[in-house]
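Chains as they are written, first to last, in this note's numbering: chain A, 1 to 255; chain B, 1 to 651.
Read the hints as simulated data drawn from the structure, not as lab findings. Built from N, CA and C at the ideal position, the CB exists for glycine as well. Mixed in with the good hints, there may be bad ones.
What the hints assert, rightly or not - Some but not every residue of chain B turned toward chain A, in silico, with C-beta under 7 Å:
hint: 1; residue: 264
hint: 2; residue: 267
hint: 3; residue: 275
hint: 4; residue: 282
hint: 5; residue: 286
What the hints assert, rightly or not - Incomplete in silico selection of chain B near chain A, CB under 8 Å:
hint: 6; residue: 569
hint: 7; residue: 578
hint: 8; residue: 582
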Amino acid sequence: MKTIVEAKQIKKVYGAKGNVFSALEDIDLTVMEGEFVGIMGPSGAGKSTLLNILATIDEPTAGDIVVDGINLTKMNEERLSAFRRDKLGFLFQDYNLLDTLTVKENIILPLALAKLNVKELERRADEVADKFGIRDILNKYPYQISGGQKQRTAASRAIISKPNLILADEPTGALDSKSATDLLESLKDLNEQDKATILMVTHDAYAASYCNRVLFIKDGKIFTELVKGKRSRKEFFNKVLDVLSALGGGANDVI
Amino acid sequence: MFYPHWGVEQMTLFSLARKNIKGNFNNYFVYFVTLVFSMVIYYTFTSLQYSEKIQESIELSDTMSFMFGVSSIILILFVAIFILYSNSFFTRKRKKEVGLYAILGLRKKTIAKMLFYENLIMGIIAIVIGIILGTLLSKLFAMILIKLMGSIAEVDFGISILAITQTVIVFMVIILFTSVQGYRLIYRFTLIELFYDEKKGEQIPKVSLISAVIGVILLVVSYWLILKPFPDEFTTEYLMKNYGIAFVALVIGTHLFFRSVTVYLLRLSQKNKSRYYRGTRIIETSRLLFRIRGNARTFTVIALLSSATICFLGATYSGYYSNEKRAEEVVPFSYSHLSKGPEFDSQVERIIKADHRHPIKAQLDIPVIQVKGILSFQLDYDINPVQLISESTFNKAANALNKDETVLLSRNQAAVIQPRFTEYTKSVFKGENITIQLPQGSSELPFVHMVESNVLPFDYPDFFLVVSNEMFAEIAKKEAPLTYKVYEVENEVTAQATSKKVNKLVGNDFQVSSSFYTEYKQGKEGNAITLFIFGFLGLVFLAASGSIIYFKQLTEANEAKGQYEILRKIGVNKKDIRKSIKRQSLFVFGLPLTVGILHSCVALYFTSNFISNLIGINLIFPILMAIVFFVIIYAVYYVLTVNTYNRIVNK
Ligand SMILES: Nc1ncnc2c1ncn2[C@@H]1O[C@H](COP(=O)(O)OP(=O)(O)OP(=O)(O)O)[C@@H](O)[C@H]1O
Ligand SMILES: [Mg+2]
């Protein structure tokens, strides 16, 4: 199997002289193609920082990152942008939809930026809209739709360009349990049917139970790792809860 | 600490207000710059108005004080509107802050006081800076004005108490007014409104085909009314009706154009998917679409005002530009006077000869006979008394003036000199004749020629007839001619001292001055003052409109920061974002400017009916200058906007 993400000795330090704060310390991470990996940890552990670094939105202070065979630390701004556009799908915690675009325009934006031809673009828009059940809101604007619909719109945008890697930062954070389950099911489908590689940060043990593997981060370091293996989702869910209570703090975040 | 005059509560408020300003200087900066700018402009203008140096160096100081007086009122209005506009802009941005104070438990009265102090502090600082900068600038502008008028005077840095007092009073009133607006903000809105104002967000405008169509129709109608050929005869009623309707249609049409037609066009451009869904165009189009309604009124005002400015600037510039030509036409010779006996005549001659810096190039006598004449056709010009001059006199005079017009007449023929300030052509007189009534009977002279060289200063009615030498001699036997003495000197445009002396001696022989210099200089001064004032007002307007767009874009940039961050995150590179900002700004600056230029071209076509009728000169060059000037200043603002916008959203 192919390696999709290979991060070595990632460090991230915030602040200037005198008042430095180390958000990530020597993180090593390998993700294989087709994996669905969860990242958990208490608030402030550095999860978002890690995800942002992998998404090239943020720069590591030290360390090497190779995604799909490309060394990210050696690329200039223009190529990084192109990389984000073509290879990555990012699902943000706060949706990050553009207010002035309709749902449909938001979804197809990555393809429009990549200058794909219109026919293909329309076809793919229909496809993802069906997948997430948002066909009838395609012509609405973000201010006219609910939080769950926004999250599904954001998810559609993240996957429309068939990215090699999907990064999701607390995608279910703002959703009720029904919407959360819908979204997780869609992600699982993507993972199983389309062989998409997914990296998902979450505070929610239930969401984590959808993953094949969960990494736990504490104080900027990898604390432990849990592999689902042959366990059922219920068993895996309980395992995750165990680790979280051992981790301390994190368990309080579970609703 | 001990503050003798302020209560404790007031002092803390005062310092809170001061801290406020210091803390969010960026927010205040734009407003502050507006204040300073307005005061600099106003102070500069009033100190010019009261400058004794300038008044001394002007021969027409009455005209000047009148023009300056009127313009200073326009300027006050302008500056007041500009400040109120930026103030409302500024307050809108601060609604939330006010809400926060209220939540923290400050009483409305206390907040109001605080805002008042804040406004006062900024106002006072702005006045001080304004007067300092204004003093420097007024010297520059005074030099420009004096240069334009062609005078020589030293300008020093005068500080005019009168100007300072007037500036302080005007701005205190304006600041008081904005403070009242601040009070209204606090008392009128509930907390929740103060907080949610920013979130309200503009909504996507609906396409209204009807109002788009009405807009286009109104524009077409107003253009048609304006461009309609000017009637030969017109009444005030006609003017009011035709151009009144045209004006109203133009204003409403322009507003609808920005409000609906552009929306419609942008919507239409979205229909072409293979263009719209390509690159960042999708982002720009939708952003423009969202904001066009909010900008429509500003765009309308800017487009209309800029067309008015271009128009006035073009018209006044052309007046200035053509002054020498006009003076030359109105007063052809350097000096002209009616002969009043040898003693008087030689007195004049001595004065002119004494001026060695302006030696005489030509000196001749022009005998003129005034008779009564009847035309063989209808002409809407009062021709009587008809002034006759002889063929040889005309040819000599034209030659002395370096005009290559000569007439050659046989005994009974006549040539007409085109009456000044009219547009009669040769064909009007062709085949017609004039009957001259003489004591010994009348005689009929056919017109064979029309010439354009005038020989004597303008006097109404201006109807000169050139007749053959034989005819002239014959008539002269019965009707004694008047003799005019004319002189052409070298370098007549500088003959100030001699002209004054001659004018004094000669008196009012003509409606216009009897010496070229006086006519030229007065025209130049009058035109220079108008040009200066329109230039000044135009500059102020330009700067104001440019900054209004700039402020708007800046505010928008701050609001759109998050949106651009999203774009960066989903993989748009910095270069493309910059390109996208450029395109949007180009639209925002270009649209009102283009409409303004179009309007002004149409309006100038209309004004040229009057102007070129009067002076017969080409308006193209001055107008082109005014337009180029506009475009350059807007281009500077455009670059400024793109850079700042880019710095805000695309670091
Ligand atoms: N720009 C920054 N400057 C300084 N410190 C930062 C910055 N961004 C994040 N941090 C710090 O780095 C640490 C990790 O932040 P991060 O956002 O990655 O946490 P997280 O694990 O995602 O937490 P949460 O679950 O609350 O989202 C935190 O302590 C945070 O305060
Ligand atoms: Mg986070």
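TODO: Would you check whether residue 582 of chain B satisfies its interface hint, that is, whether its CB is within less than 8 Å of any CB in chain A?
DONE: violated, 17 Å
Open item on the list: Interface hint check: residue 569 of chain B, Cβ to nearest Cβ on chain A, cutoff 8 Å. Holds or violated?
Closed with: holds, 6 Å
Task: residue 275 of chain B as chain A interface residue, shortest Cβ-Cβ below 7 Å - done: violated, 9 Å
TODO: Closer than 7 Å between Cβ atoms is the bar; does residue 286 of chain B clear it against chain A? Give me holds or violated.
DONE: Given a least distance of 4 Å, the restraint on residue 286 of chain B holds.
Task: Minimum beta-carbon distance criterion (7 Å), residue 282 of chain B to chain A - done: Since the shortest Cβ distance to chain A is 5 Å, the answer is holds.
Task: Given hint residue 267 of chain B near chain A, where the shortest CB pair must fall under 7 Å - done: violated, 13 Å
Task: Minimum beta-carbon distance criterion (7 Å), residue 264 of chain B to chain A - done: violated, 18 Å
Task: chain A contact restraint for residue 578 of chain B - C-beta distance below 8 Å - done: violated, 12 Å
Taken one by one, the earlier hints fail for this structure at numbers 1, 2, 3, 7 and 8, listed in ascending order.
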